[in-house]
Each structure stands twice: as structure tokens, then as C-alpha cells.
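Protein chains in written order, with our numbering: chain A, 1 to 106; chain B, 1001 to 1514.
Bear in mind the hints are in silico, worked out from the structure with no lab data behind them.
All C-beta atoms in this analysis are idealised placements derived from N, C-alpha and C, irrespective of residue type, glycine included.
Incorrect hints may have been included.
[Said to hold, decoys possible] Some chain A residues well away from chain B (every beta-carbon gap over 12 angstroms; in silico): (1) R8; (2) G60; (3) I83; (4) K84; (5) K90.
[Stated by the list, open to error] Restraint-style ranges between C-beta atoms, simulated for each label pair: (6) E1211/B with I42/A: 51 to 59 angstroms; (7) I79/A with I1208/B: 33 to 41 angstroms; (8) D106/A with L1222/B: 38 to 46 angstroms; (9) D62/A with I1200/B: 52 to 60 angstroms; (10) D1060/B with D62/A: 46 to 54 angstroms; (11) I79/A with E1211/B: 39 to 47 angstroms; (12) D106/A with I1200/B: 38 to 46 angstroms; (13) H1372/B with K52/A: 33 to 41 angstroms; (14) A1496/B with G97/A: 40 to 48 angstroms; (15) E1198/B with I42/A: 50 to 58 angstroms.
[Claimed, not checked] In silico DSSO-like pairs for lysine-lysine, Cα to Cα no more than 27 angstroms straight-line: (16) K23/A with K1201/B; (17) K90/A with K1201/B; (18) K1013/B with K1047/B; (19) K28/A with K1201/B; (20) K23/A with K58/A; (21) K1201/B with K70/A.
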Amino acid sequence: MEDKDTGRLNIDSTIYTTRLSRKFLGRKPWSPADPGSVVSYIPGTVLDILVKEGQAVKKGEDLIILEAMKMQNFIKSVIAGRIKKITVEKGDRIGKGTLLLEIDPD
Amino acid sequence: MALNRKIEELREKKKQILLGGGEKAIEKQKAMVKRTARERISALVDKDSFMEFDLFIEHDARDFDMDKKSLAGDGVIVGSGTINGSPVAVYAQDFTVAGGSLGMMHSRKITKIMDYALKMRMPLIGINDSGGARIQEGVNSLAGYGEIFFRNTISSGVIPQISVILGPCAGGAVYSPALTDFVFVVDNISKMFITGPEVIKTVLGEEISMEDLGGARVHSELTGNAHFFASDEEECFAQIKKLLTFIPRNNRNGAIAVEAREPDGKFDPEKIVPDDPTLPYDVRDVIRAVVDKSDFFEIMEMYARNMVIGFARLGGVTAGFVANQPQEMAGVLDVDSSDKAARFIRFCDAFNIPIVTFMDLPGYLPGVDQEHAGVIRHGAKVLYSYCEATVPKITVILRKAYGGGYIAMGSRHLRADFVFAWPSAEIAVMGPEGAANIIFRKEIMSSDDPEETRGKKVEEYRKKFANPYVAASRGYIDAVIEPGETRACLLHAIKATAGKTVKMIDKKHGNPPF
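Can you make the complete structure from the sequences, with help from the hints?
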């Protein structure tokens, strides 16, 4: 087992000598979701932006219309707060996981 | 018209159709290093054994000027033949005819051979090479796929179903192979995906080649959709023929037993497994050390390598092997390896193949990604499939058997018929380090030298529990055996369980955590 990809894996405080899979090595570290960052959950086109920077929004208020998969998706705020920054423009084609806007929570 | 004139006419008609899509289309097929559908069938079945059905089928499309077009055999060849002398039903899509696209009559040819295979209880082999639905035929084409999926499902567990992907297989078409027992792919030829690169580019803006999206390697390594990977068509057909020697023709028969043969002398079971439970080795060598001719036919070799599955023979009788692989990810159970083992166990159970399990695992893989990917429900599939299986279940504990992993890997508690353990077996709730840290936490923390105390306590636990004798004292293990006795014990168990009869509670079917 002198392979260059031989690694170590800790299971219940015991360290095992073993090869590590590509999937394991490529996994993304987890980070908690930030409710103030509104991120696209699906790729698509920004059809309309319904709020302005500095504007106060309520929880559940529509922020952006994202056209994706032949549907108009209304992106809603999950918190109450004030729009800090809008990072996309009307007509932008965006991928999944793109930051759309930031909200300062109340 | 005299009879010999009519015979001439028949020969002429056949000659036309046998050309398929014509010479130009055949040239194109060859340029892609692909054989024609007819060449594939010839390469697969025993010489001169193929009997073709429905050569004269014609399509029935009227729209888009389709009525002016003639499509040889409507783009698919179906019939029955033999492989290794056993009957099989075969269909092969002909890419040279309208891109092998699936129209109504094309699908009816396939479903006819599927019905035939099911009625005659013979294996079905489908060779897929098709551009997809014949769009000109609209909903009739979709109906055709649905009829195929229905038959794949009702035939599941009755006859072995084999899919061979020798070209594109995209969109809805992928679901027929996905429903079958074994999927064969060939490097640079097989392409499987639900939505292709063009759609992905339009919708997501991501550019990817067909090969990187759904090539043979992707499905063998990443998705687990394919069971056998070959570098060319010839190797692929050899794999299919070999697989068929191990499995029965239907669920009422057993696999054909052959003459018993001794393993090669070069694998010594005593010298493969290191004593230190944290060190790796190749569990396939342990399998090779005990099976006939040391011939282990591995399935899904590249996917979830921490779990090894495949067929081999014990005293001439086919057995399905399930083994943790310590040299890959320490042999842990995780989402992918659970899925891989569970479906294989269910195949063995459906087709009367005894299951032999080699256990050596530290437990389940920790991680947010695993928990969020549903390791609970995927892991449960292993438990379900072992519990449900009524074929002989024989388990050998080679080394580590910790915690939930011990229970899941064919333990006595899931109704294993024989449980053997090597003297190196460690059957415990967890490894000595983890256990000592919990049980002796206070003592370790309050000690003047915590590290020294920890070391002592780990050793104390190791001596007391890291062995097979506690489990043996409760009858959870039938016999503690020397590694060198393993083959003899397995041969005994295979013979002893040959008449195993289990009456299951009457029910329509269970509800496994798919």
C-alpha cells in the first residue's frame, strides 16, 4: 500500500490507513446558510427586480422574479430587514448559487 | 408463380432489409468504431443460433412525409438464440436506420420479444443504440417507451435482464436500462443522460462533452448506473457471456453448477489480512483464496470501491460475494456502498444464489455530506435486503465488526445461516480507542498523565472485547475458525443450506427504503 493516494481516515478515534475516494476528497465543506444573502437555487434569467437598495422588506415579500425552467419564480425574503446591496441586473442570466442581493436583518 | 420464384422473391426482400440503413449509414457506424446491430448479435450469441422475428415490420407513421419513407425492420432487430447453449432473447437497435429512433412499431417489436422472454422464462438482452424517441411519431413513441418500462418492471426478479449500451441512450430511453439487472458500457461508445450537453448549455450555461456528462467511465465510477465497463465491444460481449455462466435463466431455476475446482495456491488466506486492524489489504484476495479456480467475477468494480460485490463458485455452485474493502475508504459503509450492496443482495435473493459476506469494517463514514445525502435511508437498504433474503446467507468475520456496521453486514441477527469468525475478529460496539475514550472518560481526564492512562485503558478494552469470543459465548458466531479452514467451512455451509426453506409472512410486497 505504497500508493501515492494512500491516505488516513479517522473513524471513532481510530486512524485507518486506506485509499480515499475521489468523491470523498472532492466533498465541499459545509457552512451554515446566511439568511441575509439571497442566492439563486436554480439557474435562470433575472426577469424583474422588485426592490431597491435601502428599501425595508418584510418576511415573505417578493424580491426578484427569476425565470427558470419556463417558469416565473418569485424569490421571497426569508427575513425582515433592509436591502443592503443588489448584485444582479434585470436581464442577467445567472447560474445556480449566484448571490442575488444582500439584506441587513432587523 | 412457381414456388422457386416465390423463394427467390423472399430472398430478394430479405436481402434488401438485411442491408439496414444502407452502405453509407453502415460506413458512418464503422467510423465511430461501432459494429452494426447484426454484427453485434452474431458476436453475442452462439454461432448460427439466432432466429430473427419480425424482419418485415414496417412503420405506420403518416405525418411529416414519413409515409414516403421505408425503414428497414423499423430500426431494431429482435429474436432468440443461445449463449453457452442456453436460450436468450435479444433485441438490438440499429443506429443505421433512422438513428435507431424508437417509433411505435419499433417498440412493438421490442415488447413482443420481451413478452416472449418472460413467457419462456429466458434472460433478455437489450442492445441500446438509439437517438431516442422518433419525434415524427409523437405520443406513439412515448407510449412505446412506457410499454417497455412496464415489461422491464414485471419481468424484474423473474428473468435476468441485461442492458448493453452501445451508442447513445438518452432522455426517457435511459430508464429501461436503469430498471434492468445489469448494465454494460463500453469506453467512448456508451452515452447515457436524461438531458444532453446542448440543453444543459442553453439552460445552465455549462459546457460539457457527452463523454464527461454520461460516458462509460462516468456511469461506472460516479453514478453507479453501469455494472460492467469494457474498453471495446468484444470485451463487452465476453463479459456478458461470462456473467451468464454464473446466473440462472429464471427465478425457478438455480444457476448451472459446474465441476468443483480448487483455488490457485498463490493466495494464502493466512497471509493476506494484517493483524493491525488499521492496516489495509485487498479483500478480493481473500475471496480468491477460497473460491474455485480463484476466479472472482467482480461487478461494479469502479463504483463505491469500499464495497466489493461479485460472483464466484464454491464447489461448482455459484455464490454472490459481498465484502468490505479495507484498502478503499477503510471499507466503511456509506451512501454509495450501501446502495451497491443492497441491490446485489436482492438480485441474488431473487435468483436463488447463496450470499457469502466477508466482514471487516470500522462502521459508517462520518460527514455532513453523508448525513445530508441520506446515509440513514440508504444504509437501511442493506439491512432490509439482508433481512428479506431467504437464500442461504453465510457470513465470515475476518477482522473488524464494529457497531451498526456489524449488524448490517449479514450478522446472525439478520438471520445469517452460518456465521464464522477468524481469530482476528473484533466484534464490538466500536474500536478500542473510541470505546475507551467514552467508558473511561473520567479516569482519563482526572489522571496525572491522561495520555498514559488512555493508552492503558485502550489496551484493557482491546484485550477484553476486541476478539471473537464474547460474541461466540452468546452464540452469535457458530464457529471461530482458522483462516486456512475458511474454504472447507464455506463448502460445508453451501451443502448444508442447499435445502433451506423459509416461509415468509404472506404480503403483497414490502416497502424497502428505495
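- Task: For the pair supplied as a hint, K23/A and K1201/B, confirm whether the alpha-carbon distance does not exceed 27 angstroms.
- Result: Given pair K23/A, K1201/B holds - Cα atoms ~24 angstroms apart, limit 27 angstroms.
- Beyond 12 angstroms from every Cβ of chain B: is that where the Cβ of K84/A lies? Correct as stated: the minimum Cβ-Cβ distance to chain B is 27 angstroms, above 12 angstroms.
- Would the pair K1013/B and K1047/B pass a check requiring their Cα atoms to be no farther apart than 27 angstroms? The hint holds at about 24 angstroms.
- Query: Would you say the C-beta atoms of I79/A and I1208/B sit inside 33 to 41 angstroms of each other?
  - Reply: 36 angstroms Cβ-Cβ, so the 33 to 41 angstroms window holds.
- Query: Okay, D62/A versus I1200/B on CB: inside 52 to 60 angstroms?
  - Reply: Because 29 angstroms falls outside the window, the suggested range is violated.
- Sort out whether K58/A lies within 27 angstroms of K23/A, counting only the CA atoms. violated, 41 angstroms
- Message: Checking a non-interface call: every C-beta of chain B should be farther than 12 angstroms from the C-beta of K90/A. Is that right?
- Response: holds, 18 angstroms
- Within 27 angstroms, alpha carbon to alpha carbon, are K28/A and K1201/B? holds, 24 angstroms
- Item | Distance restraint hint 39 to 47 angstroms, applied to the beta-carbon atoms of I79/A and E1211/B | holds, 44 angstroms
- Message: Tell me if the beta carbons of D106/A and L1222/B are separated by a distance inside 38 to 46 angstroms.
- Response: holds, 44 angstroms
- Item | Interface-negative label, I83/A against chain B, beta-carbon threshold 12 angstroms | holds, 26 angstroms
- Task: State, for the Cβ atoms of E1198/B and I42/A, whether the hinted interval 50 to 58 angstroms holds or is violated.
- Result: With a Cβ separation near 19 angstroms, E1198/B and I42/A fall outside 50 to 58 angstroms, so the hint is violated.
Violated hints for the displayed structure, listed by number in ascending order: 1, 6, 9, 14, 15 and 20.
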